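A.B. asks: With these hints in hand, go ahead and build the complete structure from the sequences.
Protein chains: 4
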Amino acid sequence: MARIILLPGRWLIVKTNPELTWTDTTLRVRYAETDQMGVVYYANFLVWFEIGRTDFCRQHGFAYRDMEEQDGLYIMVAESRCRYKAPARYDDDILVRTCLKEVRRRVLVFDYEVYRQASDELLAEGETVHVITDRDGHPRALPEKYRDLFAAGPKHPGLGTRG
Amino acid sequence: MARIILLPGRWLIVKTNPELTWTDTTLRVRYAETDQMGVVYYANFLVWFEIGRTDFCRQHGFAYRDMEEQDGLYIMVAESRCRYKAPARYDDDILVRTCLKEVRRRVLVFDYEVYRQASDELLAEGETVHVITDRDGHPRALPEKYRDLFAAGPKHPGLGTRG
Amino acid sequence: MARIILLPGRWLIVKTNPELTWTDTTLRVRYAETDQMGVVYYANFLVWFEIGRTDFCRQHGFAYRDMEEQDGLYIMVAESRCRYKAPARYDDDILVRTCLKEVRRRVLVFDYEVYRQASDELLAEGETVHVITDRDGHPRALPEKYRDLFAAGPKHPGLGTRG
Amino acid sequence: MARIILLPGRWLIVKTNPELTWTDTTLRVRYAETDQMGVVYYANFLVWFEIGRTDFCRQHGFAYRDMEEQDGLYIMVAESRCRYKAPARYDDDILVRTCLKEVRRRVLVFDYEVYRQASDELLAEGETVHVITDRDGHPRALPEKYRDLFAAGPKHPGLGTRG
Numbered sequence: 010m011a012r013i014i015l016l017p018g019r020w021l022i023v024k025t026n027p028e029l030t031w032t033d034t035t036l037r038v039r040y041a042e043t044d045q046m047g048v049v050y051y052a053n054f055l056v057w058f059e060i061g062r063t064d065f066c067r068q069h070g071f072a073y074r075d076m077e078e079q080d081g082l083y084i085m086v087a088e089s090r091c092r093y094k095a096p097a098r099y100d101d102d103i104l105v106r107t108c109l110k111e112v113r114r115r116v117l118v119f120d121y122e123v124y125r126q127a128s129d130e131l132l133a134e135g136e137t138v139h140v141i142t143d144r145d146g147h148p149r150a151l152p153e154k155y156r157d158l159f160a161a162g163p164k165h166p167g168l169g170t171r172g
Numbered sequence: 010m011a012r013i014i015l016l017p018g019r020w021l022i023v024k025t026n027p028e029l030t031w032t033d034t035t036l037r038v039r040y041a042e043t044d045q046m047g048v049v050y051y052a053n054f055l056v057w058f059e060i061g062r063t064d065f066c067r068q069h070g071f072a073y074r075d076m077e078e079q080d081g082l083y084i085m086v087a088e089s090r091c092r093y094k095a096p097a098r099y100d101d102d103i104l105v106r107t108c109l110k111e112v113r114r115r116v117l118v119f120d121y122e123v124y125r126q127a128s129d130e131l132l133a134e135g136e137t138v139h140v141i142t143d144r145d146g147h148p149r150a151l152p153e154k155y156r157d158l159f160a161a162g163p164k165h166p167g168l169g170t171r172g
Numbered sequence: 010m011a012r013i014i015l016l017p018g019r020w021l022i023v024k025t026n027p028e029l030t031w032t033d034t035t036l037r038v039r040y041a042e043t044d045q046m047g048v049v050y051y052a053n054f055l056v057w058f059e060i061g062r063t064d065f066c067r068q069h070g071f072a073y074r075d076m077e078e079q080d081g082l083y084i085m086v087a088e089s090r091c092r093y094k095a096p097a098r099y100d101d102d103i104l105v106r107t108c109l110k111e112v113r114r115r116v117l118v119f120d121y122e123v124y125r126q127a128s129d130e131l132l133a134e135g136e137t138v139h140v141i142t143d144r145d146g147h148p149r150a151l152p153e154k155y156r157d158l159f160a161a162g163p164k165h166p167g168l169g170t171r172g
Numbered sequence: 010m011a012r013i014i015l016l017p018g019r020w021l022i023v024k025t026n027p028e029l030t031w032t033d034t035t036l037r038v039r040y041a042e043t044d045q046m047g048v049v050y051y052a053n054f055l056v057w058f059e060i061g062r063t064d065f066c067r068q069h070g071f072a073y074r075d076m077e078e079q080d081g082l083y084i085m086v087a088e089s090r091c092r093y094k095a096p097a098r099y100d101d102d103i104l105v106r107t108c109l110k111e112v113r114r115r116v117l118v119f120d121y122e123v124y125r126q127a128s129d130e131l132l133a134e135g136e137t138v139h140v141i142t143d144r145d146g147h148p149r150a151l152p153e154k155y156r157d158l159f160a161a162g163p164k165h166p167g168l169g170t171r172g
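Chains as they are written, first to last, in our numbering: chain A, 10 to 172; chain B, 10 to 172; chain C, 10 to 172; chain D, 10 to 172.
No lab work stands behind these hints, which were simulated from the structure alone.
None of the values given here were measured: they were computed from a predicted structure.
Where is the CB? At the ideal position from N, CA and C, for every residue including glycine.
Some hints could be false.
Example chain C residues on the side facing chain D (calculated, C-beta under 7 Å, incomplete) [as the list claims (entries may be wrong)]: (1) 31; (2) 41; (3) 43; (4) 44; (5) 45; (6) 47; (7) 50; (8) 99.
C.D. replies: Spelled out as structure tokens, the structure:
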């Protein structure tokens with residue numbers, strides 16, 4: 010279970026590595042995702058990160074779709090990074106591991122690891138930084154209910170494992 | 010100039026081929042658009058058709074974006090077809106030719122031809138059928154101002170020629 | 010089981026509807042697949058058709074990837090059609106049904122149906138026509154082993170059901 | 010003009026900022042590039058970076074396509090970063106500025122800035138790190154002719170300005 014600590018200031022901190030919860034999502038590489046080098050085009054790893062994020066939310070008990078529709082809140086991306094270790098290829102079974110590294114009042118930081126399942130090989134690792142906003146792009150605090158769901162850890166680990 | 014005839018019933022007809030106006034749009038093939046076969050992935054031709062459509066509107070004097078934002082009207086796609094004649098390759102200079110084959114009260118039919126500019130080779134030809142709707146997906150009649158703009162022909166042929 | 014009949018001429022025919030075998034593939038709509046209309050962008054249905062095709066092959070006992078790598082054969086697309094019935098939305102659970110409607114010496118014709126699983130609603134139906142070629146794009150006959158695998162029907166219906 | 014200095018060791022260094030050459034590429038946002046938030050999906054900025062890179066090469070006198078076809082060399086991506094400052098929207102005219110920040114024996118580092126042309130607003134900035142490899146993914150030194158072309162600066166600034 011991830012522990013969230015409310016500091017005197019405006020930060021909520023998820024304590025570092027030992028307590029971090031990773032959720033697993035699997036997908037299979039699409040032909041559309043390859044390029045003429047015969048490997049997955051580099052921008053598609055960011056698409057896979059997003060699938061991991063969506064799944065992380067679902068496994069923590071809420072649909073990101075509902076967060077948009079019901080609360081009018083958006084998880085805008087402020088920064089993305091990816092380090093490419095080895096190429097992914099068409100029809101590979103892929104594992105995307107996702108964890109919420111940091112939860113602040115208005116900021117979420119996710120970490121990702123991408124593996125080829127057959128060989129257990131790390132293909133890429135990355136990070137995305139997000140800001141919670143309303144429909145007009147103004148920063149908003151993450152509502153307590155989501156903070157609590159993140160803190161409680163993944164309750165539905167089986168729900169989301171499909172890309 | 011295309012001629013539009015208002016029939017007694019509910020149809021507006023653009024008279025057939027001789028009067029049809031084609032608009033030209035150019036683009037260069039992106040690495041992201043190729044697949045491991047070394048050619049442009051087949052779904053991307055539909056993306057190019059959409060670029061041709063956007064450009065067709067602009068060359069007829071309006072931005073499709075404004076149609077959505079100002080009039081709350083959407084050109085939903087009801088059908089798409091593409092016949093692939095020859096592969097497009099990375100970095101090819103492409104010409105997309107677009108024409109509005111049919112204008113009915115609530116329906117638009119576009120035709121497309123895709124050429125490799127260097128060889129003047131026809132790579133693909135296709136067709137999309139669209140229904141005009143409001144934000145909630147309910148069919149709406151195409152407002153007269155757009156009908157008139159389509160009928161007047163392309164006034165700004167130089168404005169749109171970039172993908 | 011699909012029946013294939015060798016006619017005196019050069020055609021192999023899979024007999025029509027009653028015997029046609031459909032394979033099922035499921036996927037979940039990605040955020041990346043939506044557009045600003047709030048629905049899945051129309052070209053992505055062709056990506057889903059391709060996922061259905063890959064899966065159809067796998068459920069019939071071979072990986073399309075091996076066909077490319079081991080036999081140097083490619084299933085080039087010659088034509089695509091899609092009729093859009095209702096919009097697909099982010100996070101929807103989608104069922105893609107695929108069937109091989111026609112097998113000729115050098116030509117394959119696939120049919121597709123796309124459903125929203127929650128409502129059992131038909132979202133789109135389509136068709137793709139393919140030509141078997143070698144690496145250089147020259148037409149080739151479909152090898153007997155694949156013809157036999159197609160004729161034998163899906164042996165591994167559980168293998169492929171993940172997008 | 011960028012200056013490249015051969016150090017005693019194994020590094021070639023392009024001296025820092027004052028001499029750095031930026032090349033300009035323009036493109037218009039496609040409907041396909043938007044998502045249901047009404048803005049350009051975040052992975053597409055990496056596609057735009059790649060368009061900037063291709064264009065940077067062309068403006069320096071060679072086609073990246075030829076580097077692949079004639080020399081069998083590939084510019085594999087090892088790392089990507091993007092900081093998102095403001096959303097890009099459908100039909101926006103975009104300027105992608107690209108510069109080669111670092112040239113080492115086997116490594117290239119590109120910097121990017123993405124602007125909305127109408128408002129001159131910085132939408133994103135990023136960086137990609139690349140390794141030169143052969144067809145099999147083995148690292149190779151950047152051939153002297155390309156190093157010289159990069160050092161000579163953009164000779165054909167007008168050639169590439171179309172996305």
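A.B. asks: Could you run down the list of hints and mark each one as holding or not?
C.D. replies: These are the hints, each one checked on the structure:
1. 31: violated (29 Å)
2. 41: holds (5 Å)
3. 43: Nearest chain D Cβ about 4 Å off; hint holds.
4. 44: With Cβ-Cβ at 5 Å, under 7 Å, it holds.
5. 45: holds (4 Å)
6. 47: holds (5 Å)
7. 50: Check passed: Cβ of residue 50 of chain C comes within 5 Å of chain D, closer than 7 Å.
8. 99: At about 6 Å, which falls below the 7 Å cut-off, the nearest Cβ of chain D leaves the hint on residue 99 of chain C intact, so it holds.
Hint 1 from the earlier list is the only one contradicted by this structure; the remaining hints agree with it.
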